[in-house]
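From first to last, the protein sequence lines stand for chains G and C.
Residue 63 in our numbering sits at position 63 of the first sequence, and the numbers go up by one each step.
Residue 95 in our numbering sits at position 95 of the second sequence, and the numbers go up by one each step.
Any given hint could be a false lead.
Stated by the list, open to error - What follows is a list of derived Cβ distance ranges for each label pair:
1) E169/C / K71/G: 48 to 56 Å
2) E130/C / R115/G: 30 to 38 Å
3) E19/C / K71/G: 57 to 65 Å
Claimed, not checked - In the DSSO-like style, the derived pairs of lysine-lysine whose C-alpha atoms are separated by at most 27 Å in a straight line are:
4) K97/C / K172/C
5) K92/G / K188/C
6) K298/C / K378/C
7) K463/C / K423/C
8) K92/G / K105/C
9) K436/C / K423/C
10) K71/G / K61/G
11) K61/G / K92/G
12) K26/G / K436/C
Simulated from the structure, these hints should not be mistaken for lab results.
Glycine residues also receive a C-beta, built at the ideal position from the N, C-alpha and C atoms.
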Amino acid sequence: MSTSRERILGRIRTGIRADLRTPEQKDVLQKRLANPGRGVIPARAQLPSSESVDFFETRAKAQACTIVRVKSETEAVAAVSDFLRDNNLPAKVVMSPSEKLSALPWEEGPSLERREGPARADDEVSVTPVAVAVAETGTMVAVSGPQTPTTLNFVPDNHVVIVRKSDLVGSYEEAWERLRQSGPMPRTVNWLSGPSRSADIGQTMYMGAHGPRRQHIIFIED
Amino acid sequence: MKSTTSSFKENVHSELQNENLKRVFGGILQVLPLGRAMAMANLPEFDALRDQARDIKNHTLENLDFYLEAFEAKVIEQGGHVHWCETHEEARDTVLKICQTAGAKTVTKGKSMITEEMGLNAHLEANGIEPIETDMGEYIIQLAGETPSHLIGPAFHKSKEEVTELFYEHHKTQRWTEGEDLMAEGRKVLREKYFAADVGITGANFLIAETGSTVIVTNEGNGDLTQTLPKVHIVCASIEKVVPTLEDFSQLIRVLPRSATGQEITAYTTLSTGPRRADDLDGPDEFHVVLLDAGRSKYLGTEVQEVLRCIRCSACLNHCPIYSAIGGHAYGWVYQGPIGAALDPLLLGTMEAAHLPNASTLCGRCEAVCPVRIPIPKILRHWRTEAHRQGFGTVGERSGLAFWAFFARRPWLYSLGAAWMMKALGAWGANRGAFKSLPFLSGWTLSRDMPAPEGETFQSAWKKAQKEGRSA
Chain G
1 MSTSRERILG RIRTGIRADL RTPEQKDVLQ KRLANPGRGV IPARAQLPSS ESVDFFETRA
61 KAQACTIVRV KSETEAVAAV SDFLRDNNLP AKVVMSPSEK LSALPWEEGP SLERREGPAR
121 ADDEVSVTPV AVAVAETGTM VAVSGPQTPT TLNFVPDNHV VIVRKSDLVG SYEEAWERLR
181 QSGPMPRTVN WLSGPSRSAD IGQTMYMGAH GPRRQHIIFI ED
Chain C
1 MKSTTSSFKE NVHSELQNEN LKRVFGGILQ VLPLGRAMAM ANLPEFDALR DQARDIKNHT
61 LENLDFYLEA FEAKVIEQGG HVHWCETHEE ARDTVLKICQ TAGAKTVTKG KSMITEEMGL
121 NAHLEANGIE PIETDMGEYI IQLAGETPSH LIGPAFHKSK EEVTELFYEH HKTQRWTEGE
181 DLMAEGRKVL REKYFAADVG ITGANFLIAE TGSTVIVTNE GNGDLTQTLP KVHIVCASIE
241 KVVPTLEDFS QLIRVLPRSA TGQEITAYTT LSTGPRRADD LDGPDEFHVV LLDAGRSKYL
301 GTEVQEVLRC IRCSACLNHC PIYSAIGGHA YGWVYQGPIG AALDPLLLGT MEAAHLPNAS
361 TLCGRCEAVC PVRIPIPKIL RHWRTEAHRQ GFGTVGERSG LAFWAFFARR PWLYSLGAAW
421 MMKALGAWGA NRGAFKSLPF LSGWTLSRDM PAPEGETFQS AWKKAQKEGR SA
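Go ahead and model the full structure; you've got the sequences and the hints to work with.
Now the structure itself:
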């Protein structure tokens, strides 16, 4: 007795006349998978690096992010506390247990209670790094891993993202290239482009549907 | 989901009386096309990307067996499972079994049209498992016991006031009237559900063969909490969702949200690849992909294959004069609007869905805005022909068509008959200007007058103009 898998594939092969596929054609398919070609890359994704930071900022703001640009790691640490103070939040954050964050000079900033690890239900503010950021739509790419738990991107109400200039690329395609170089595909890749939102109640857009109400970017121009 | 598509005409009559629908739908269906137009204006490469999107989907469909097997191999390689399901029944049984094996009491769900097709919620409930929709719109209609009225805004037919009453009835807290408060309440209630759920179920906008990844596109983040917090993540997807590579996906994602809401990108775009890795700090222990066919494979290589390119953006609904008048529920099944009319006959059967392809003026706006350039009017005409061949229509409709066809096949007789008819109607209606009723045409004259012709046919007027043009 044949399985559902065999019957489905059988019908597909009959429909598309897979019997006519030559070994050469199959080779072409294998090569297309192994060496993906890029299609149309928009001009906005190919700006010179002098312009791409501004473009990233514009796009992120258009998606209701707030963003502050700082010149140094010390300023970045101070900017975390500024964000908490400006939004009347307690001086308490949960952070990714990532070298990218632990290397920051936290002792130079105002006192701040910091825990490392995945999010708990009552966490209010998370601080995370990015794997890469994409200028074309102001998108930040986070990946799951031992140093970067996924829940930090979604559970707390406030998400502070630390982006370095060296994290920034122009296009999605360049972002994939970086991820491929850094190892096998992680369980989760999150493109983050602004805080959580929904227009499902009364056809009006409200922030903070399920994920963070605020997404704050601290951009280090290193 | 049970179909009421065969009673389309009755559905339409009741929906046209629905004043609330007109008020609520009117606004959002003006906003969405405007958003798309602005997104297009901000991306000069948009049309070139649409060509790419069409070509990628065509290429994948033409080699669907290859890409599905490549996808499956990658999922398995990373510790996930793939379940091939021929029918809706098989798919919902498969999901139920995974839930039962996990000892699940509650499951949270991200938005998924495939699970609507499968009628998954009713099946889980019948077997003692509580499914909780977490997309705010899906949650609202789950509370109301209704079905989605729009591909991406399942509760677009619900006013804020209705949500106030629904939430009060079910949550018994406070009668919130402000949108922010309602959203906060929905968020609070569903938060607890994510943490308590044993299984999380999501759909997939794309499957990526190169990496074995499934992709969801959301603005709320509900799909992410759904698939990160429970121990088991089940993805329900149909076979035509696969694309070859991350690069191909990148082309398609540039046209999807722009066509849907006018956003350049949604707040969240998420790729899920297998279960959590050994040293990951969170994420599900199990990863299952339920691959549904449900009639799609047998249409490969046929005239309607192109409809399988659809990426469910809803641009065709948002631009359709029929959909904006009757709303989504009249269509009677999971998919509405032009794409519903093109797709439902394939999934439900030509005769069951035969009314839908006829509910179109074939104006072509749907094809003009489609991000993967599906020739929807052509496909609707195909289904009309097919339904007619299978005997669709009342005796009156069919004999009327046969009568018309007899003349249409004999142009000289047609123009003779038409000329005589126009003269007669022109003379009869000369004084009144319009007819309030006409034999055999009550379908038209019930709701509007039929203007009286002026006594000449277009063909004869054309001929006359041509002659005058030449002599001048």
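(message) To test your reading of the hints: which numbers does this structure violate?
(response) When the structure is compared with the hints, numbers 4, 8 and 12 turn out to be violated.
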